[in-house]
Amino acid sequence: MPETTPQKEAGRPASNLPPLSLHIPEPRYRPGDTPDFGDIDVPAVEATLRPSEATKPDAMRELSYGLVRVLDFDGVAKGQWDPKLTPERLRVMLRYMMLVRAFDDRMFRAQRQGKTSFYMKCTGEEATSVASTMALDRGDMCFPSYRQQGILIARDYPLIQMMNQIYSNRGDHLMGRQLPIMYSAPEHGFFSVSGNLATQYPQAVGWAMASASKGDSRIATVWCGEGSSAEGDFHSALTFATVYNAPVIFNVVNNQWAISSFSGFAGGERTTFAARAVGYGIAGLRIDGNDPLAVYAATQWAADRARTNNGPTLIEHFTYRSEGHSTSDDPSAYRPADEATAWPLGDPIARLRQHLETLGEWDAERHEAQTKELDELVKTTQKQSEKLGILGHGMHQPFETMFDDVFEELPWHLKEQCAQMLAEQEAKFGPNWKPE
Amino acid sequence: MMSADPQTGTKTMNMIEAINSAMDVMLERDPNTVVMGEDVGFFGGVFRATAGLQKKHGKTRVFDTPINECGIIGVAVGMGAYGLRPVPEIQFADYIYPGLDQLVSEAARLRYRSAADFICPMTVRTPFGGGIFGGQTHSQSPESIMTHICGVKTVIPSNPYDAKGLLIAAIEDNDPVVFLEPKRIYNGPFSGYYDRPVEPWSKHDASAVPEGHYRIELGKAATVRSGEALTILAYGTMVHVTKTIVEEMGIDAEIIDLRTLLPLDIEAIETSVKKTGRCLIIHEATRTSGFGAELAALVQERCFYHLEAPVERVTGFDTPYPHSLEWAYFPGPVRIATALTKILKD
Numbered sequence: 001m002p003e004t005t006p007q008k009e010a011g012r013p014a015s016n017l018p019p020l021s022l023h024i025p026e027p028r029y030r031p032g033d034t035p036d037f038g039d040i041d042v043p044a045v046e047a048t049l050r051p052s053e054a055t056k057p058d059a060m061r062e063l064s065y066g067l068v069r070v071l072d073f074d075g076v077a078k079g080q081w082d083p084k085l086t087p088e089r090l091r092v093m094l095r096y097m098m099l100v101r102a103f104d105d106r107m108f109r110a111q112r113q114g115k116t117s118f119y120m121k122c123t124g125e126e127a128t129s130v131a132s133t134m135a136l137d138r139g140d141m142c143f144p145s146y147r148q149q150g151i152l153i154a155r156d157y158p159l160i161q162m163m164n165q166i167y168s169n170r171g172d173h174l175m176g177r178q179l180p181i182m183y184s185a186p187e188h189g190f191f192s193v194s195g196n197l198a199t200q201y202p203q204a205v206g207w208a209m210a211s212a213s214k215g216d217s218r219i220a221t222v223w224c225g226e227g228s229s230a231e232g233d234f235h236s237a238l239t240f241a242t243v244y245n246a247p248v249i250f251n252v253v254n255n256q257w258a259i260s261s262f263s264g265f266a267g268g269e270r271t272t273f274a275a276r277a278v279g280y281g282i283a284g285l286r287i288d289g290n291d292p293l294a295v296y297a298a299t300q301w302a303a304d305r306a307r308t309n310n311g312p313t314l315i316e317h318f319t320y321r322s323e324g325h326s327t328s329d330d331p332s333a334y335r336p337a338d339e340a341t342a343w344p345l346g347d348p349i350a351r352l353r354q355h356l357e358t359l360g361e362w363d364a365e366r367h368e369a370q371t372k373e374l375d376e377l378v379k380t381t382q383k384q385s386e387k388l389g390i391l392g393h394g395m396h397q398p399f400e401t402m403f404d405d406v407f408e409e410l411p412w413h414l415k416e417q418c419a420q421m422l423a424e425q426e427a428k429f430g431p432n433w434k435p436e
Numbered sequence: 001m002m003s004a005d006p007q008t009g010t011k012t013m014n015m016i017e018a019i020n021s022a023m024d025v026m027l028e029r030d031p032n033t034v035v036m037g038e039d040v041g042f043f044g045g046v047f048r049a050t051a052g053l054q055k056k057h058g059k060t061r062v063f064d065t066p067i068n069e070c071g072i073i074g075v076a077v078g079m080g081a082y083g084l085r086p087v088p089e090i091q092f093a094d095y096i097y098p099g100l101d102q103l104v105s106e107a108a109r110l111r112y113r114s115a116a117d118f119i120c121p122m123t124v125r126t127p128f129g130g131g132i133f134g135g136q137t138h139s140q141s142p143e144s145i146m147t148h149i150c151g152v153k154t155v156i157p158s159n160p161y162d163a164k165g166l167l168i169a170a171i172e173d174n175d176p177v178v179f180l181e182p183k184r185i186y187n188g189p190f191s192g193y194y195d196r197p198v199e200p201w202s203k204h205d206a207s208a209v210p211e212g213h214y215r216i217e218l219g220k221a222a223t224v225r226s227g228e229a230l231t232i233l234a235y236g237t238m239v240h241v242t243k244t245i246v247e248e249m250g251i252d253a254e255i256i257d258l259r260t261l262l263p264l265d266i267e268a269i270e271t272s273v274k275k276t277g278r279c280l281i282i283h284e285a286t287r288t289s290g291f292g293a294e295l296a297a298l299v300q301e302r303c304f305y306h307l308e309a310p311v312e313r314v315t316g317f318d319t320p321y322p323h324s325l326e327w328a329y330f331p332g333p334v335r336i337a338t339a340l341t342k343i344l345k346d
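Protein chains in written order, with the UniProt record's numbering: chain A, 1 to 436; chain B, 1 to 346.
Keep in mind that the hints are not guaranteed to be accurate.
Looking from chain A toward chain B, a few residues come up when the C-beta cut is under 8 angstroms (computed) [to be verified]:
no.: 1; residue: Gln178
no.: 2; residue: Pro186
no.: 3; residue: Ala237
no.: 4; residue: Gln384
no.: 5; residue: Leu388
no.: 6; residue: Trp412
In silico lysine-lysine, DSS-like type, Cα no more than 30 angstroms apart, as pairs [as the list claims (entries may be wrong)]:
no.: 7; chain 1: B; residue 1: Lys342; chain 2: B; residue 2: Lys275
no.: 8; chain 1: B; residue 1: Lys11; chain 2: B; residue 2: Lys56
no.: 9; chain 1: B; residue 1: Lys220; chain 2: B; residue 2: Lys203
no.: 10; chain 1: B; residue 1: Lys274; chain 2: A; residue 2: Lys415
no.: 11; chain 1: A; residue 1: Lys387; chain 2: A; residue 2: Lys428
no.: 12; chain 1: B; residue 1: Lys59; chain 2: A; residue 2: Lys214
no.: 13; chain 1: B; residue 1: Lys274; chain 2: B; residue 2: Lys345
no.: 14; chain 1: A; residue 1: Lys387; chain 2: A; residue 2: Lys372
no.: 15; chain 1: B; residue 1: Lys203; chain 2: A; residue 2: Lys56
no.: 16; chain 1: B; residue 1: Lys55; chain 2: B; residue 2: Lys11
no.: 17; chain 1: B; residue 1: Lys274; chain 2: B; residue 2: Lys220
no.: 18; chain 1: B; residue 1: Lys11; chain 2: B; residue 2: Lys203
no.: 19; chain 1: A; residue 1: Lys372; chain 2: A; residue 2: Lys84
no.: 20; chain 1: A; residue 1: Lys214; chain 2: B; residue 2: Lys56
no.: 21; chain 1: A; residue 1: Lys372; chain 2: A; residue 2: Lys383
no.: 22; chain 1: A; residue 1: Lys415; chain 2: A; residue 2: Lys434
no.: 23; chain 1: B; residue 1: Lys55; chain 2: A; residue 2: Lys214
no.: 24; chain 1: B; residue 1: Lys11; chain 2: B; residue 2: Lys59
no.: 25; chain 1: B; residue 1: Lys345; chain 2: B; residue 2: Lys275
no.: 26; chain 1: B; residue 1: Lys220; chain 2: A; residue 2: Lys415
no.: 27; chain 1: A; residue 1: Lys415; chain 2: B; residue 2: Lys275
Note that these hints are calculated values from the structure, not bench results. The beta carbon of each residue, even a glycine, is placed where N, CA and C say it ideally should be.
So here's chain A without its partners, still in its complex pose:
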C-alpha cells in the first residue's frame, strides 16, 4: 500500500515551518477519573438582567454567554427573571415532572423485561420539556426531538397512548410503524418525531412561517440536542428563521453527551451553543436547564417575543444527561459513573421541590405520597396497555396496514405487493387464515 493517496504533489518546497497538528477534542474525564465541575461559571441569580422582549439581538449578546437562573441553591426564586408563578402552578409543574420520571422508570424497566425494543429516558432533563411547554399556549406547535416526552405529559396526553406506541400494540395509533418514543399527537400540538436528527428544525421554521403568513397567533417551538446542532438542518433553520423573522423558539438541550461523544464534538469547546444565535442575528439565551423556573421564564420571554413579531429566539438549556443515551447505551464505558451526581446544577425535580418547601407549599410527606400515587398511576396504566399487547408477542396490526399511508391512495404496485404479502401469510398460516 502506498503511504499516501495518489494526489498530485502540491509542489511545496522544503521549509523550516513548524509542523501543523490536528486537534481532536477529548472530554475532561473518563471512567475512573474524579469529575470536578468547579470551573463551570454559575453566576449569581440576580446578576442576569432581563431585557424587554423587543430588545434587538445585538443589544443582548451577553445573554448568549451567561446563564439565566431564577432559583438559587437554597431554593429561593430571585432576580428579574423570576416568572412569579403561583404555588398551585408550581405544584402542577412538579407533578408533571415527577410523572415524567415515574413514566420513564417504568418504561425503562419494561424494555429491560423485553416488552419493547427500545426506550429513552430524560432523567435530569425533565424541566427542559415540562417547564418549557407550560410556558407556551396549547395551540403552539412543538417539534420535539426524542427526549421530550415531557411535552405530551405537560399537555395531558393520555399515558396509555404513549405506552401503546412504545409497545407497538393494538392501541398504537401509529400502527406499529415508528420506533418506541417517536410519538405523534397533532391535537396536542406535538409533531411526529423523526429518527433523523435535527430534521425537525427547518420544519418548525416552515410551520412558524406559515402561521405568520396566515395571520395566525400560534408559534412553533423545536428541540434538538447539542450534538445535533452540528447538523446542516440546524443551520438551515436558523438562516430561514432570521431571514423571515419567523415566530419560532429553538431549544438546544445541551446535556453534554451525544451517545459517547461529548459536547466538544459539536463545537462546545469553543463557545456556547446559545452563541450560535449571535452569528445569525437571533436572540440567544443560555439558561440553567435544571432550574424549572428559569426554563419557564426564558420560554415565556421567547414566546412573547415571537408572538409580537420580534422574531426567533435560541435557548440553550445547560443540563446533564444523567442516564444512558438510550436503553442500548452503557455510559459507564465512556464517562465517570458519578459524573451526574457531581453536576453542579443539581436535579430539576429536587430543586423545584426544595423551592416549594422553602415557600411552605410542599413537604416531604406530600412528596412521598405523590411519588407513590404517580407510580401507581403509571403501573395501572401499564397493565391496561399491556392488555393490548407488547412488542414481539403476536401481530397487533392488520397486515394490510403496512401499505396504507405510503400515499393517500394505494397505487397499483402497492396493491400487487399487498396481495403478495397476504398470499405469503396464507402460505404460512394455512388456507383458513384471515387478515386481522
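Position chain B against the provided structure of chain A, taking the given hints into account.
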C-alpha cells in the same frame, strides 16, 4: 383525464409559460398555495418560470429563499404540515441533493410514520437534464433516485399542455410530488440534432394551452404515436428526440410518453408491448440502475412470452455529464438509430 374549463379559451404557450400559468391558476384558486425558491420572487426565476407571480399574488405567496436546499425543502415540509400547499423550486435538479434527506426521510414518510396525522402536500419543481451546455452540475437527470423513494410521486412532462395539467394535478395532490422539468424543451421540442435550429412550441399542437384550470391525472401515460413494429418508452426531452428519429427512419413505432414515472401507467406499457412484441427504452439519465432498468424488468416480468427481441435501453453513459463533449454523451440520433436497427433485426 382532461377537464378544460369551457369558460376560458386557450393561448399559445411555451413550456415555461404553461408552468407559470399552472402556478398562477393555483395561486389564484387556493389561498394555501405558496411558491418559493431561489430567485423566484422579484426576478421570476432564472428560467422565468415564476415571472410576474410575486407582483400579482404578493410577497408572502411568492418569495425568494436563501441558497439552502435543505432549508427550502425542510421549511416546505413544515408549511405542508401547517396546511399550506408549498411549491418549492430547486433551481437545478443537480442541487436537490443537499435537500434530499428532507425529501426522502421527512416529506416522503410523514404521512406513513404519523398514520396520516400529518401530510406533506408539496410539489418540488426543478429543471433537469442536459443539452444546454450546463456541464456536470447543471445537467443531471435524477429521476431514478426519486422513484426509489417510497412516498414520493415523480412527474415529467414533455410539452406545454401536459406541463400545465400535470403541474396543477401535482399541486392539488395531497402527497409530495417531484416535478422534473426537462429544461432543454422549455422553449421548443428538441429533435436531437443540436446543429439544427430549434422549432418553437408555437408551431406545435401542444402549445394551445387552456388559460384556466385543468388537470391531467397523475399516473397516466400518453400515446404519442401509434405503431405496430415496436414500443418505445420515453419521457421528457427524449420523447421528441425519439419521434424525430423514428419518423426519419420510417419505422412504424408506438411511442409512449410515460409522463408520470411513479405511479407508473403499467397498463399502457403492457398493452403496447404485448401488441408490438418489442420494447426500446430511452432516457437521458445514466444507464446503471437508471429508470430504464426498472422498466426493462417490468416488461420482462409481464410481457416475456410476447417478446420477439430482447428489451433494449438507450441511455446516457455512466460518467458525470461532460461539458465540452456534451453531444457525445447525449443519447441522440445515432445511438437511437443503432438500437432501433438492432431490435428490429432480432
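Do the hints match the structure? See the list:
1. Taking 8 angstroms as the C-beta contact cut-off toward chain B, the hint placing glutamine 178 of chain A at the interface holds, the least distance being around 5 angstroms.
2. For the restraint placing proline 186 of chain A at the interface with chain B, the shortest Cβ-Cβ distance is roughly 5 angstroms, inside the 8 angstroms limit, so the hint holds.
3. Interface hint at alanine 237 of chain A: satisfied, since its Cβ lies 7 angstroms from the closest Cβ of chain B, which is below the 8 angstroms cut-off.
4. A cut of 8 angstroms between beta carbons decides the hint on glutamine 384 of chain A: the least distance to chain B is about 21 angstroms, and the hint is violated.
5. Hint status for leucine 388 of chain A relative to chain B: violated, with the closest Cβ pair at about 16 angstroms, above 8 angstroms.
6. For the restraint placing tryptophan 412 of chain A at the interface with chain B, the shortest Cβ-Cβ distance is roughly 6 angstroms, inside the 8 angstroms limit, so the hint holds.
7. Annotation: proposed proximity of lysine 342 of chain B to lysine 275 of chain B holds, straight-line Cα distance about 19 angstroms (limit 30 angstroms).
8. Proposed proximity of lysine 11 of chain B and lysine 56 of chain B is supported: the alpha carbons are some 19 angstroms apart, at most 30 angstroms.
9. For the given pair, lysine 220 of chain B sits about 25 angstroms from lysine 203 of chain B by alpha-carbon distance, which is consistent with the 30 angstroms threshold.
10. Of the pairs offered as hints, the one joining lysine 274 of chain B and lysine 415 of chain A holds, with about 22 angstroms between alpha carbons and a cut-off of 30 angstroms not exceeded.
11. In summary, the hint linking lysine 387 of chain A to lysine 428 of chain A is supported, as the alpha carbons are separated by about 26 angstroms, within the 30 angstroms threshold.
12. Under the criterion of a C-alpha separation no larger than 30 angstroms, the hint pairing lysine 59 of chain B with lysine 214 of chain A is consistent with the structure, at around 13 angstroms.
13. At most 30 angstroms may separate the alpha-carbon atoms for a hinted pair to count; lysine 274 of chain B and lysine 345 of chain B meet this at roughly 18 angstroms.
14. The hinted pair formed by lysine 387 of chain A and lysine 372 of chain A meets the criterion: a straight-line CA distance of about 23 angstroms does not exceed 30 angstroms.
15. Note on lysine 203 of chain B and lysine 56 of chain A: the hinted pairing is violated, with a Cα-Cα distance of about 58 angstroms set against a maximum of 30 angstroms.
16. A C-alpha spacing of about 21 angstroms is found between lysine 55 of chain B and lysine 11 of chain B, which places the hinted pair at or below 30 angstroms, so the restraint holds.
17. Distance check on the hinted pair: lysine 274 of chain B and lysine 220 of chain B sit about 18 angstroms apart at the alpha-carbon level, within 30 angstroms; holds.
18. With a C-alpha separation of about 13 angstroms, the suggested pair lysine 11 of chain B and lysine 203 of chain B falls inside the 30 angstroms cut-off, and the hint holds.
19. A distance of roughly 29 angstroms separates the Cα atoms of lysine 372 of chain A and lysine 84 of chain A; the hinted pair therefore holds under the 30 angstroms criterion.
20. A C-alpha spacing of about 18 angstroms is found between lysine 214 of chain A and lysine 56 of chain B, which places the hinted pair at or below 30 angstroms, so the restraint holds.
21. Only pairs whose Cα atoms come within 30 angstroms are accepted, and lysine 372 of chain A paired with lysine 383 of chain A is accepted, the gap being roughly 17 angstroms.
22. For the suggested pair lysine 415 of chain A and lysine 434 of chain A, the alpha carbons sit about 17 angstroms apart, so the restraint of at most 30 angstroms is met.
23. A C-alpha spacing of about 19 angstroms is found between lysine 55 of chain B and lysine 214 of chain A, which places the hinted pair at or below 30 angstroms, so the restraint holds.
24. Between lysine 11 of chain B and lysine 59 of chain B the CA atoms are separated by roughly 27 angstroms; this keeps the pair inside 30 angstroms, and the hint holds.
25. The straight-line distance between the Cα atoms of lysine 345 of chain B and lysine 275 of chain B is roughly 18 angstroms, inside the 30 angstroms bound, and the hint therefore holds.
26. Taking the CA atoms of lysine 220 of chain B and lysine 415 of chain A, the gap is near 17 angstroms; set against the 30 angstroms cutoff, the hint holds.
27. Proximity of lysine 415 of chain A to lysine 275 of chain B is assessed by CA-CA distance (about 25 angstroms); at most 30 angstroms being required, the pair is judged to hold.
Violated hints, listed in ascending order, are 4, 5, 15; each of the other numbered hints is respected by the structure.
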